[in-house]
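Line by line, the protein sequences are chains A and B.
Sequential numbering of the first sequence, starting at 9, is according to the working numbering.
Sequential numbering of the second sequence, starting at 9, is according to the working numbering.
Source of the hints: derived by calculation from the structure; they are not laboratory data.
All the given hints hold, so there is nothing to weed out.
Copies of the same chain are indistinguishable here, so a pair counts whether it falls within one copy or spans any two.
Cut-off 30 Å, straight-line C-alpha distance, at most; resulting in silico cross-link-like pairs (DSSO-like, lysine-lysine):
{"#": "1", "residue 1": "Lys121", "residue 2": "Lys104"}
{"#": "2", "residue 1": "Lys105", "residue 2": "Lys129"}
{"#": "3", "residue 1": "Lys121", "residue 2": "Lys149"}
Nothing here was measured: the structure is a model prediction, and the numbers come from that model.
2 protein chains.
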Amino acid sequence: MKKALAFDIGGTKIYSTIIDETGNVIGEIDKFSTPKTLDDIKKILKNQIVKYENDVDAIAIATAGAVNNENTGVIGSTGNLVQGYNTIDFQSFSNKKVFLENDANAAAWAEYKIGASRGSKVSVLLTLGTGVGGGIIINDKLLKGKSGAAGEMHFKMYADKRRKCTCGSWDCFEIYASGTALKLDAEEALGNKDVSTYDVIEGVKNGDKKMINILNRWQNDIIIGIKGLTNLFDPDCVILSGSMAQFVDTKVIESEVNSDIVTTPTSIRIATAGNYAGMIGAALLALA
Amino acid sequence: MKKALAFDIGGTKIYSTIIDETGNVIGEIDKFSTPKTLDDIKKILKNQIVKYENDVDAIAIATAGAVNNENTGVIGSTGNLVQGYNTIDFQSFSNKKVFLENDANAAAWAEYKIGASRGSKVSVLLTLGTGVGGGIIINDKLLKGKSGAAGEMHFKMYADKRRKCTCGSWDCFEIYASGTALKLDAEEALGNKDVSTYDVIEGVKNGDKKMINILNRWQNDIIIGIKGLTNLFDPDCVILSGSMAQFVDTKVIESEVNSDIVTTPTSIRIATAGNYAGMIGAALLALA
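With the hints as extra help, turn the sequences into a complete structure.
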């Protein structure tokens, strides 16, 4: 059975393991803090590749940032990774094929192949974490766009400039639907800069009405975004993944979305491919 | 050379002509007011088909409303057409193949084959008229979604319910980017229900600053929508068509969009396939 050495390169952590062609994680999970310099990132990749490349058929990398249509490198700067990350020649690290895909795209592919969106014609995956990522699959293909950067969840929630987004623009879906957004919702509602996402979640657990209202406002913004995406893509399903997905009520989201769209009903589901979906999706793509 | 009898069925007018497989309009343009009853709509279609079907290879219909993935009929109600329009069995009118496509989708296809988006990998067409239609082409295929209804431009411009959209929901792009929207912008700015889209356009021509501001606000909302679409689809180009497209400044739109997106620059262009793009696109699809 074919195997890939898989990486998940994010702004704070780099993971690495070995995954087989059916999507099973068969290696140990190696974990590193993402270094602050380009050279140190390269060093981690090189060391892992030297260690494992003889045991595998390909190197599969799920990474932050938009990946080009040749799946060889990252386009432009990613915000969360060091400057110059887009200049890395990943193929130079190995004689085996080195395959890259954006982490949310890779996770969407894992959900499509072994997870919550299996059998769908059109699916939209949203990763709700510190930020919001997107991966869209249409007729058995990832939506990549002209340059590879499609699926970015930076459409506006307000046309009158209220909240600055991490991308530099204003009022993108990301800054209303992410974990960061939930903290901002709480700051605004409570007039307190020190409140954390954790405080909101704990408050909700303890039945604190203020915190429940804050969570509902956040969930409502997610609903508003999904309505627009559903009218645009007419997807069979919208998959929610990432650390914040556990705090939404998919039944409420599904019912509210389906009561207010011009297309036929969609299904809202929590991702099932697990924490390593990015690496699994990248491995499945690299070994396909 | 193969030919199609083509129709464009809209809320106010039905057009019909003959189009060849290269997209040339080779027939007279027949024009009818759209009847208020289902039977009268059927009668127009039947009469035209009886008259011309022996001269053509297929019947090609561009229609208001979402068209199913089999291209045989309309899904649900369309708002602009009589109730029961979705029950019409279009194939029953002819022994030749009867092919349907949504009018904005068909127009997008015409632009892609003979117009402003030729050679593009990903294109988004917006029809700016009384309402706003959308047609998205990805890798040589129209984006249809699970049911055929994809490409609907009903994503939100505000998350806090300001302006009711014609679809029954709130604050969709359509109700900020259409001709109807420009009238609403003028009503709000001037506090006068009697102002028309025409008044705004005339005012702009005469250098009226209030009217110029109203037009700019409308164009700015179009820009905000296109930013979101560009981040989602990463298109080579966004094509603007419909009766209102002549009033926008594509250079301003392009420069503002490209200065505020997370993907690579896109190109904003006015449609070039002409007023019969819907019929042309439907004919090209039917004869392909």
